[in-house]
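Sequence order for the protein chains is A and B. Numbering of the first sequence is given in our numbering, commencing with residue 7 and proceeding in unit increments. Numbering of the second sequence is given in our numbering, commencing with residue 6 and proceeding in unit increments.
Since the hints were made in silico from the structure, they are not lab data. Just so it is clear, the structure is predicted and the values come from calculations on it, not from any experiment. For every residue, glycine included, the Cβ atom is placed at its ideal position computed from N, Cα and C. Worth double-checking, as some hints may not be accurate.
Cβ-to-Cβ under 7 Å is the rule here; a few derived chain B residues that face chain A [what the hints assert, rightly or not]:
id	residue
1	W664
2	S665
3	T677
4	F682
5	V683
6	G687
7	L688
8	V691
9	V692
10	I694
11	L695
Now the in silico label distances, taken between C-beta atoms and shown as ranges [what the hints assert, rightly or not]:
id	chain 1	residue 1	chain 2	residue 2	range
12	B	E230	A	L64	28 to 38 Å
13	B	E181	A	I467	33 to 43 Å
14	B	Y49	A	P396	30 to 40 Å
15	B	T184	A	K304	49 to 59 Å
16	A	P396	B	S510	36 to 46 Å
17	B	S236	A	I467	44 to 54 Å
The chain contents come next:
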Amino acid sequence: MLEISSTPLVIIAILGTVGVLLPIISIARKEKDSNSFYAVIAFAALIASIGYVAYQFLADNILPSALFSEDVLVDDAFGGFFAIAMLIVAIFTTVGSFNYMRKKNYPAVYYSLILLSTIGMVLVAYSTDLVMLFVAWELMSIPTYVLVGFMKKNPSSNEAALKYFLFGALSSAIIVYGISLSYGLTGSTNIGEVIQGYSTLDPSLLPLALLSVGMFIAGFGFKMGLVPFHQWLPDTYEGAPPTITTLLAAGTKKAGFAATIRIVVLGMVVLNLDWTLALGIIAVMTMTIGNIAAIMQKNLARMLAYSSIAHAGYILIGLAVAPYSSLGLQGSLYQILNHAVMKGAAFIAVAGIVTTLAVTNIDKLKGLGRRMPITSLGLVISLFALAGVPPLAGFWSKIMLFGGALDAGSTIWWAPWLAIAGVLNSALSLAYYGWITRKMYFEGETEKRISEPKSVIAIMIFSIVFLVGFGVYPDPIIKFVEFAAPTISLGIMP
Amino acid sequence: MAAEVLGLPFEVGAASAWLVWILPFIAALIMPGIGKISKHATGYAAVGFALMSAISAVSLLPMALEAHEIHDQISWIDSIGLKAGVLADPLSIIMANVVGWISFLIMIYSTGYMKGDKSITRFWFWMLFFIGSMQLIVLSDNLLQVFFGWEGVGLASYALISFWYRDKKKDHVGTEGRTVLGLLDYYSPTHAGMKAFIMTKVGDVMMIAGMLLIFLFAGTFGFRELMHDTSWATTMSAQGLLVPAFILLFGGAVGKSAQFPLNEWLLEAMTGPTAVSALIHAATMVKAGVFLVMRLAPLVFALSAAGILADQFFEVILLVGATTALLLGLQGMVNSEIKKVLAYSTGSQIGYMMMVLGIAGLSQQFVNGYTAGFFHLISHAMFKASLFMAAGSLLHVVGSRFMTDMGGLRKNMKKTYVFMWAAGLGLMGAPFITTGFWSKDSIFGAVYTSGHEWAIPIFAIAVLTAVITAFYTTRMLGLVFYGSKSKHIQKMEEEGHHIHEASLSMWVPYGILAVLTIAIGLVGLSFEGGLHELFTDYLEDSFGIHSVHNEIENSILPEFLDGINPVALAASLSAFAIGTGLGYVFYIGRWVDPVKFVNSNIFFYAIHKVILNRFYLNAIVYWCFVVAPLWLSRGVFRYFEKTVIDYGMNNGLQKAVGWSAKVVQGTQTGVTQSYLFVFGAGLLFVVLILLI
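Start from the sequences, fold in the hints, and give me the full structure.
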C-alpha cells in the first residue's frame, strides 16, 4: 500500500480538491469576468504540488526508479521526474492563461479542466498497473478534448477538437485492445507481472504478444505525435487555444513517453526481439518528416507543431538505444525536461503574440524584436535551445542523446546512424528557427514598443534563466536525470 | 590559518582570489543599470570596482612573498569531472597585482580622457569586462578556464578597438591615400577591430586544438593536475605529439601577444581610445600571451628534467621572440604616428620576454631567464602604460596623431614632458636608475650565460634591438618636445587655441607610473634579487626545478653590482649610449636632418622604404588572406556557383526539399478519414517491422 503522504496521492488530493471546487465556487460567486481569481487559485494549487514533489526529493523520501511494484502506483524518482516536468508545463499554461483567458467565458471550468488533466498526466507517470495507467490516460485526455474546443464560437477550434477527439478515441480503443491482449496472455494487469509473464511465454503465442506491443506503440504514439500517427497534431495545435497547445505539446506528449518507457521499452526488452530497430526507424521518420514539413510553414503555431513532432523523434532515439547504452534513457529524460520548458515557453510566447497582435503568420512578425522585446528574446532563446545551440540547455540533452546513440554503436551497427540523422535534422531545423529570428530582428521598420502581457514576461524570464542557467551549469540537471533514469539492460527480470 | 580563527566557512585568501576576477565582471554587469541612473556615476563606479579588485589582489601579496599557494576548486560540470578554480601562486599573484593596479590607474586616466563621450557606459562595460577576463586568465587553475578568459579578452578588445564605430577620419590610423603593394595603408576603427579579432582567432584555434589534444591524453585541464601525474606526457611524447601540442598552445600566445607572424593586428589596434591602447599594451591582452608561456614553461621544463624532452618548444619560442623583437623594433624607428611607434615598441619588448623565456628552457639555469622575463614584464607594464597615457594627453591637446604635427611642446606641457622622459628612459634602459635597465640587463645576462649554441647570435640581436629601442624612444621624445613648433600647432595657436597641460585626472596616473619606473629603478638590483629568490623557491616547490647556485666571478665590477654579468652590463651600457646618442644627433640636437640623411643615397632610401612598408608583411598577409580569397570567391561565385552549384545543386536540392515538403504536406489533407486510414496503416507497419 502506498502511504497517505506519498507523492501521487498528495498531488491527487491537492489538485483534485481544487479542480472540483473551482466550478462550485464559480456557481456560488455568480460573478463574471474574474479570470485572475481562478487562475491564482489554480496556480497556487500547482505550486503547492510541485513544491511537494521537490520537498519529497530533497527529503530523500523518493525511491530510486522502481518501475515495478505490486501496487497500482509507485512513488519513485522516475514518476517524480515526470511530475516535475508536467507540473512546470501546467504552471506555464496557467500563468499564460492569466492574460489569454481575460474577458473570456467560463474561466473556472477552464482552470478546473487543466488541473484535472494535470492529475492524469502525473498519474500516468506513476502508474505501474495497466488499468490504472489507462484510467490516468483517460483522465488526462478527456479534459483536453474539451479544452481544445474551448473557443466554441471558433470553427477551427471546433475542428481541432473534433479531430483530436476522434483520434483520441481511436487510440484509447487501441490501448485497451493492447491491454486486453496482454491480460489474456499473462492473466495480470500489473506491469511487472505482465513482463514476467511475457518472458516465460509459449513461443507459439509470441505473435500475439507482439501485436499487443504494436498496439501500445500505436496508442501511445498518437499522443507522442510519432509518424505515422501524427497527422491530427498540426491541425489540432493550430486550432486549439495556444495556451492549451502548450499543455498538449509540452505536457500530454510527455505522458506518452512516460507510458512508453514504463511498458514498451521494458516490456520489449524481455521479448528479446530486434525491436529497437523499429523504434529507430520511427525515430528517423518522425524527425525528418517533422522538420521537412516545418520548413514550409507560414504559421508560427503550425511550424512549432511540426517542430514538436521532430522533437518526438529525437527523444525516441534515446528509447531506441536504451538497452545498449545507459545514456540513451538519460538523454531522453533530459530532452523531455528541456523540451517541456523550451516548447512551453515558445507556445506561451505565441499566445502572448496572438493576444496582443492577433497574428500568427510568420511574415507578420517583422520587427517583433523591437515591438515586444522580452517576448521575442524568450522566443528566440527557446528556439535556439530547441535547435540545440550551445550554451543553452537544449545543447546538453542533445549531446547526451546523440552520445548515447554513438555509445550504443559498439553493440549495434545502426545506432550511430541515428545520431547522424539527428545532427543533420538539427542543422535542418536551424533553417526555420533562423528564419523566424531574422524576421523578428532584422526586418521591418523601427516600430514602437507595445506593452507585453506581464504573465508572458514572467514565463519568458523564467525560461531564459532556466535555459541559459542550466546551459552554462548543467550539472544539477544531469545528476537529477541520472537519478531518475531507470537502468535497464538486456535480459533484465522484474 | 586566520580563517579558522575567525570561524569563517571559507579561506579568506581563496575568497579574495575569486573576487579579483569576479568583481570587474559584476561591475561590468551593473554598469548599464548605473548608466540609466546617471552617466556621471558610471565613472566613479568603474574606478571603484577596479580599485576593489586591485585591493583584493594586494591582500594576496603576503601569501606570494611567503611562497604559499592557494588552490581552491569548486565543481563545475561534475559529470565529466571538470572543476573551476583559482590558483594563486607567486606567479599569478604578482601578475594579478600588476594587472590590477595598472588597470586601476588607466581607469582613473579614462575618467579624464573619455570625458563627455556619448557612449561612456559602453566604454566602461567593455573596459571592466577586459580587466575581468584578464584576471580570469591570470588566476585560473586550468586551461579551459584560461580559454574562457582568453576569448573574453578577444571579444573586449574587438569591442574597444572599434569603439568609435562611426569611422570618422580622425579615428583612423595610417596615412590617407598611401598604398603599399597596391593596398591602402589606412584603416578605420571597425576594420581594425575585425582585423585584431580575426588574427588573434587564428591563434585561438591553435590554442584550443593544443588544449584538447592534451586533454585527450591527460583527462584534465588543470595546471597542477598536469604536473601531479605526468604519465600523459610520456604517452604523448612516445607518439610524437607532446611538442606539437605545446607549440599549438604557444600559437594562442603568438596571436594574443602579437608575435611574428601574427603581429600585424597590433598596429591597427591603435584606432581604439588611447586608454584602451594603454590597457592592451601594458596590462592585458598582449601580456596574456607572455603569461600563458610563463604558466606552461616551468611545466615543460620540469618534464624535460624528467627525461621527456621538449626542447623544440623552447626553440620555437626563442626564435619567434627574437624575430619579433628585431622586426618590430626596426619599424618603430621610421613611423611618424606616436601611438604606432609605441605599439611597435610593445611588440618588440614582448618579443624580448618571449626570447628570454625560450632561452630559459634551453639553459641549465631556468630561473634566471624566467625571472628576467617576468621582471621585464613588470617594468615594461609600468613605463609603457605611462608612455601611452602621456601620448594620449598629447593627442588630446594637439588633436593629431602624427609626431610631425607636434614639436616644441616642452614649454607648454611641462609635466608631460618630464614624465615622458622618465618613462622613456625606462624604455631606453637608462643605466642604474630605471627598472628598464635592470630588467633588460638581466635578459642580456640570461641569454649570454645560457650556454646554448645560439646564445651569441641571439645576444647580438638582443643588443641590436636595445640600440634601436633607445634610438626610437629618443626620436619620439625629440620630435614631440624639441625643435620648433610645427605648422599644425602654429595654426592652432593662431586660431586662439591655447596649448596647455592635460587635466589632473590624466597626468597623475602616468606621473605615478613614471615616478615608479625611476623609484623601483633606483633599487632595481635588490628588487630583482628578491624576485629571483622568490621564483627559485616557487619553481623548486611547485615544479621541483632545482637551480644551481653559482657565484659569478666578479672582480671587475664594484661591489654594489654583485650578481651582474660584466659582458651584459657593458652591452647594455653601450647600447644605451649608441642609441640615445644617434637619436640626439638627429632629433634633439638636430645637427643632421634625418630626411636629407635618408635621401642622401639610394641604399638608405631603400632600407627606409622597406621598413616603412612594414617589410611588406602586412601587404602580403592582405594579398594572401584577404584580397586573393575575395577575388577567388567572386570568381567562384561567377563561374562556378552560378552555373554548377546554383543551377545544378542548389536549385536541385532546393527543389528536392521543396518537393518533399510538398509531398509531406500533400498527405496533410485535413480530411479526417484519410488521417484515420494512415493511422491504421501505420499500426500495421509497426506490427510488421516488429515481426521482422
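Could you work out which of the previously given hints the structure breaks and list their numbers from low to high?
1, 4, 13
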